[in-house]
Amino acid sequence: MQKRIFHIESNDAVARDTFRLVLRTDGPVAVCSGQFVDIDIPGYYLRRPISVSDSLPDGVVLYYKVVGEGTRVLSAMAPGAALELLLPLGNGFDPEKCAAEALLIGGGLGAAPLYLLAKELLAAGKKVTAVLGFNKADEICLIDELKALGVPVHIATMDGSVGTKGFVTDAIAAAKPAFDRFYTCGPLPMMKAVCAALSAPGEVSLEERMGCGAGFCYGCTVQTASGPRRVCADGPVFDKEEVLW
Amino acid sequence: MVTKDLSVSLCGLQLANPVVPASGTFGFGLELADSFDLNLLGGISLKGTTREARFGNPTPRIAECTAGMINSVGLQNPGIEVLVTEKAPALRKIYRGAIIANISGFSVEEYAYNCGRADACPDIDLIEVNVSCPNVHAGGMAFGTDPASAASVTKAVREVVRHKPVFIKLSPNVTDIVSIAKACEDAGADGITLINTLLGMRIDIKKRKPVIANKMGGFSGPAVFPLALRMVYQVAHACGIPVMGCGGVRRAEDVIEMMMAGATAVQVGAENLRNPMACPEIVAALPALMDSLGINSLQEIIGTV
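Just so you know, the protein sequences line up as chains A and B, in that order.
Once you know that position 152 of the first sequence is 1143 in my numbering, the rest is easy, because the numbers rise by one and skip nothing.
Once you know that position 41 of the second sequence is 1162 in my numbering, the rest is easy, because the numbers rise by one and skip nothing.
Chain B extracted, bound-state conformation (with noise of 0.2 Å):
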């Protein structure tokens, strides 16, 4: 077999492969250190961090569905200063990867504040702007479901980091993921990864009551790739900067078609939670596929279809 390029170029960013653990499946990637080598993933994003250490939600925090599970973890984290002070320089340490911290804020100022703290951190490749979690009450998704709003953090953000791509995260739970990805690229980002997960819900109906304590919670697996899918195509044909694509991607297949809708980088999230070694196994799996499909460099096909 002729030797593949699974590389891709991502804002400058060159990564080995185009596969990245989304944030939220993965931790800080230590957790996972010892399970195979992190040196295999093109880049990984961090768990999704605030200025103070949330505890998160109460349990339950995850229910299973068809094809797919929610989380409502809440953004349990240790806090912007842990990140940037010890997470990302013990990760940097046995990894050569893209480092991408994900900064979600209860404010514009939070935002701000968090990513400046990011971009001063040296072992921080990628800053991922998460505009989108379902899982907490003020904040989060607020920030993006509404173009303005979404406007509003990207410009702040944008302008206290100097260093950094800026990737804005977005909710799939709006009317026109094309209106408020554009009001982004409009603001200054420098990239768009979506989607984050569906608000969902589930009913234990022995118990009649939510499974999840938080009633509802982000729906994600492989019953949302075509949804995902979707949406990167929309946003990667309507904006000139690139997409990380996410949502249900499980096997070396969608890693492809999602970078055929236009994806320079793929995020795999909830399948790490079933399979900790999805991604490796995904990366492994790209050379023979790409030659079962007469393709030699993943760059090339990103955005053909």
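Chain A extracted, bound-state conformation (with noise of 0.2 Å):
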């Protein structure tokens, strides 16, 4: 873990209150698929851990909804303006695990990390598939980068304005993607429905109030199937298995 100072390259509106914030630094920057960053806000006490969307040689990209007063307080702030950001945070994903076909499933804004975990995918020689699924039309944000990577995304909206009415679960049944191993990160309430519907293994992101973010406040502790696990320094990425939903 390092404490770093980026500054804002971009800031900008990309769905109803969502926003993709582009960070750079000095030097390089390393940073897996399902990291996370952990952001000083000037003017509140506890840093806003952010899920990584794309790592850049020399800075992040991540998108954040504005759900509080933090959250409002970044949205605001301008480019050039300097953040102090602790990185890398959490285990991450592992694609390596992956034979070869690898299905992302995403809900909201648990869209952002699979975008880099994706390009790590096709890197590695994997093929990919996405299904996203949101609330409405005006909040989807990610299909068209994941699109130019060359992944088939299928979406599932609730209001069903857009792809398949309902959730993620009714836009596999649609599509019935090939794949040996799947990813996802949403909603409790949407993983936890994933993993029940898919027999194959599958890596879980979960997301907790944080103190430290760091692993040594025991803030975010979840009971799992081997025990006590941090969601920030043991997780935030866990087997399927391990969730005790």
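Simulated from the structure, these hints should not be mistaken for lab results.
The beta carbon of each residue, even a glycine, is placed where N, CA and C say it ideally should be.
The reader is advised that the hints may include incorrect statements.
[Claimed, not checked] When the alpha-carbon atoms are kept at most 27 Å apart in a straight line, the in silico DSSO-like pairs for lysine-lysine are as follows:
no., chain 1, residue 1, chain 2, residue 2
1, A, 1056, A, 1156
2, A, 1183, B, 1328
3, A, 1127, B, 1328
4, A, 1127, B, 1327
5, A, 1167, A, 1056
6, A, 1167, A, 1127
7, A, 1183, B, 1327
8, A, 1127, A, 1156
9, A, 994, B, 1214
10, A, 1056, B, 1328
11, B, 1327, A, 1056
12, A, 1138, A, 1127
13, A, 1110, A, 994
[What the hints assert, rightly or not] Taking beta-carbon pairs under 7 Å as the criterion, some of the chain B residues facing chain A (in silico):
no., residue
14, 1148
15, 1152
16, 1156
17, 1159
18, 1194
19, 1197
20, 1395
Two chains, each in its own frame: build the complex with the hints.
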């Protein structure tokens, strides 16, 4: 873990209450998919943990939703402003465990870390399909970016305005993609339904309110099949069998 | 710049500097071994430990506040045997400073048993008895909010601990901190750590329910510094035993202020959670600050106000 200063290159609204934040720093950055950064937002005591959507040679791309005061302040910050980050944090996904074909399943902003995972899988010669679920059309993001990588993207929306009407599990049932391993990030009920519906091995990215974000305050511990685990340091990615729904 | 003497003497232990991460905000030390050189720290107070392993409280355990935070971890820990056979020995391998075991319990007997095990562990230098945890329903803070029960824990621990200094960590959630500190001193405590967290609460006004799953938790952070400083001042002036000052410390200036109020060592708590490098940064900032204040030795400023 390092504490480093980054500068905002861009901070743009890309969907309803959803921002894409590009940060650059001096020197190389090494982050893997599923890992996150912890951002110090001026005026707020605790940092905000945000998953990494893309790793640049000297920076990171993050997606965040304005859900409270801290993220509102972040959304108003202009290019050039400095932000102090802790990174890289968390264990990340394990693309090497995919034999040949991966299915990526995202709900809402859970799609963000799947973008970097898709790049890692493709670089390793694996075939990738994505299924993304959103409540409404105005929340949709990252589809064009994934398609630009050559990844087939299937959409589910709760109101049926785009793609399959219903849950990601409905879209998976309709598309019948071939895969030997799945990776999912999104709301807990969605990931629970996904794990119940799919018999293949899978990895689940959990979210929890955090203190330190780096494994020493024990503020984000959850019970798992193999005992207490810190979401920030032992996770956020867990094998599906580990998660006690 | 003249070389500055940051060392302090704490019950016979020579600390390279007075900066000690507070229990619960630094794990067992090992978690941060890859982030910076732990030997920059005067001491490390390890995660609070009970006899049996504990999962702790359900999540959310953390709530943000203005100038601070609430935690309700609930003493998650692997149990005293893991502390003395795995955690403390592993830390000793890489760390030369004072290793402080922070001991909790749910009965006087449990406190005594755990402290006896810590006393027998060669890798532990000092025992800090936590009678002030606000996040467990039985025991914890209940032992530290009344002079008689704080004294009974101190006496029981004192009878079994033969080799190491015993500090009692006190709660600020009391009407008269001095009477409790003096009761611990009279019962044989070698020192006092204060303060633990203040019992606090936040409500999510959209969900209309408490942010913390356990409803309430311990409030800490820069907001509590003046209150902690006041209690350190009162206890240090009323008692003849050393004090480790704790509460809202976030920078070198706060360390100096705590020491002038009477603290021999200074613990840094919540600040570690927002800045894992807080302690080494404070240590690094002390010499220049001392120089600007005309201080050559930290030991000399203890209790000078």
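>> Quick check on residue 1148/B please, does its C-beta sit within 7 Å of some C-beta on chain A?
In response: holds (4 Å)
Closer than 7 Å between Cβ atoms is the bar; does residue 1197/B clear it against chain A? Give me holds or violated.
holds (5 Å)
(request) Quickly compare the C-alpha distance for residue 1127/A and residue 1327/B to 27 Å and report which way the hint goes. (result) holds (22 Å)
Per-residue hint verdict: residue 1194/B, partner chain A, C-beta under 7 Å: holds (5 Å)
Residue 994/A and residue 1214/B were given as a pair; does the straight-line alpha-carbon distance stay at or below 27 Å? holds (26 Å)
Do the numbers back the hint for residue 1156/B, that is, is its least Cβ distance to chain A under 7 Å?
holds (5 Å)
With chain A as the partner, please determine if residue 1159/B meets the hint condition of a C-beta pair closer than 7 Å.
violated (12 Å)
ask   = Is the straight-line distance between the alpha-carbon of residue 1167/A and that of residue 1056/A 27 Å or less?
value = violated (30 Å)
Does residue 1328/B lie within 27 Å of residue 1056/A when you go C-alpha to C-alpha? holds (18 Å)
Does residue 1328/B sit within 27 Å of residue 1127/A, going by the straight-line distance between their CA atoms? With Cα atoms ~22 Å apart, residue 1127/A and residue 1328/B stay inside 27 Å; holds.
Do the numbers back the hint for residue 1395/B, that is, is its least Cβ distance to chain A under 7 Å?
holds (6 Å)
Point to revise | Straight-line alpha-carbon gap residue 1138/A to residue 1127/A, limit 27 Å | key: With Cα atoms ~20 Å apart, residue 1138/A and residue 1127/A stay inside 27 Å; holds.
Violated hints for the displayed structure, listed by number in ascending order: 5 and 17.
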